[in-house]
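Residue numbers (my numbering), protein chains in the order written: chain A, 1 to 114; chain B, 1 to 116.
No lab work stands behind these hints: they were computed from the structure.
Among the hints, erroneous ones may be present.
To be verified - Which stretches of chain B does chain A cover? Using the computed rule of at least three CB atoms under 8 Å from a CB of chain A, they are:
1) 10-16
2) 43-53
Unchecked claim - List of simulated lysine to aspartate or glutamate pairs, EDC-like, C-alpha gap at most 16 Å:
3) A:68 with A:54
4) B:44 with B:86
5) A:101 with B:56
6) A:70 with A:54
7) A:111 with A:16
8) B:44 with A:3
9) B:11 with B:86
10) B:44 with A:5
11) B:83 with B:63
12) B:62 with B:86
13) A:70 with A:16
14) A:101 with B:57
Said to hold, decoys possible - Pulled from the structure, derived: some chain A residues nowhere near chain B, Cβ distances all over 10 Å:
15) 19
16) 62
17) 78
18) 83
Predicted model, so just to flag it, every value in this text is computed and none were measured.
Don't be surprised by glycine CBs; every beta carbon is placed ideally from N, CA and C.
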Amino acid sequence: GEDVEQSLFLSVREGDSSVINCTYTDSSSTYLYWYKQEPGAGLQLLTYIFSNMDMKQDQRLTVLLNKKDKHLSLRIADTQTGDSAIYFCAEKGGLTGGGNKLTFGTGTQQKVEL
Amino acid sequence: EAGVAQSPRYKIIEKRQSVAFWCNPISGHATLYWYQQILGQGPKLLIQFQNNGVVDDSQLPKDRFSAERLKGVDSTLKIQPAKLEDSAVYLCASRKLAGAPGETQYFGPGTRLLVL
Chain A
1 GEDVEQSLFL
11 SVREGDSSVI
21 NCTYTDSSST
31 YLYWYKQEPG
41 AGLQLLTYIF
51 SNMDMKQDQR
61 LTVLLNKKDK
71 HLSLRIADTQ
81 TGDSAIYFCA
91 EKGGLTGGGN
101 KLTFGTGTQQ
111 KVEL
Chain B
1 EAGVAQSPRY
11 KIIEKRQSVA
21 FWCNPISGHA
31 TLYWYQQILG
41 QGPKLLIQFQ
51 NNGVVDDSQL
61 PKDRFSAERL
71 KGVDSTLKIQ
81 PAKLEDSAVY
91 LCASRKLAGA
101 PGETQYFGPG
111 TRLLVL
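The following block holds chain A by itself, in its conformation from the complex:
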């Protein structure tokens, strides 16, 4: 089945940029998403990218997609303490990958330190 992998932890100093990485195995993925989860809360959609794009920028967020290597990254510029959370990468499979089903990564816990 589909597999999505992420590193577990990331620490960054406030004001610096952070990069959260994700790799996936489903070559028929149509869309890839980044979600944020704060303690005790559900998942909040941050941004998404269509699989035929290689970059998308949305204010402080930049998503890079290397489809050949099945590698996705999320760059957060000028990090703030409110960016401390768990970030999940998710992929939506194509026709051979489960249709509309989202497969989530294990999550990366980011801590922004003063």
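Go by the hints and put chain B onto chain A.
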């Protein structure tokens, strides 16, 4: 617009007991999902409804888990009997039937279950 509502927020039960969770999706959202999120892992889809029909329940442990969405709006997820490994956060999400990809799924706050 109100978000996805779930109750209860927390539940502690003993193994072999039964438990039920309730979800009220965003108004007008035809698609509803239940996920299980075990500590330290990403959410895993248990079941997907479109209106009151099941679209995907391939990862639902049907010997002990059941879910229904009788009128195509609210949904309940039941575990009977519960096992220790069912301790997790149960997330409900909803989505418009034919929304744009960026619509994706809106998540509720989850129900945190602890089985002792």
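Hint check:
1. 10-16: violated (count 0)
2. 43-53: Contact hint for the region 43-53 of chain B vs chain A: holds, 4 residues under 8 Å.
3. A:68 with A:54: 10 Å, holds
4. B:44 with B:86: Cα-Cα ~13 Å, so holds.
5. A:101 with B:56: 9 Å, holds
6. A:70 with A:54: Cα-Cα ~11 Å, so holds.
7. A:111 with A:16: Status holds; Cα separation ~12 Å.
8. B:44 with A:3: Given that 16 Å is the threshold and the Cα spacing comes to 12 Å, the pair holds.
9. B:11 with B:86: Between residue 11 of chain B and residue 86 of chain B the Cα gap is close to 12 Å, so the pair holds against 16 Å.
10. B:44 with A:5: 14 Å, holds
11. B:83 with B:63: 12 Å, holds
12. B:62 with B:86: 13 Å, holds
13. A:70 with A:16: Given that 16 Å is the threshold and the Cα spacing comes to 26 Å, the pair is violated.
14. A:101 with B:57: This hinted pair holds, its Cα atoms lying about 11 Å apart.
15. 19: 19 Å, holds
16. 62: 17 Å, holds
17. 78: 24 Å, holds
18. 83: 19 Å, holds
Of the numbered hints listed earlier, those contradicted by the structure are 1, 13.
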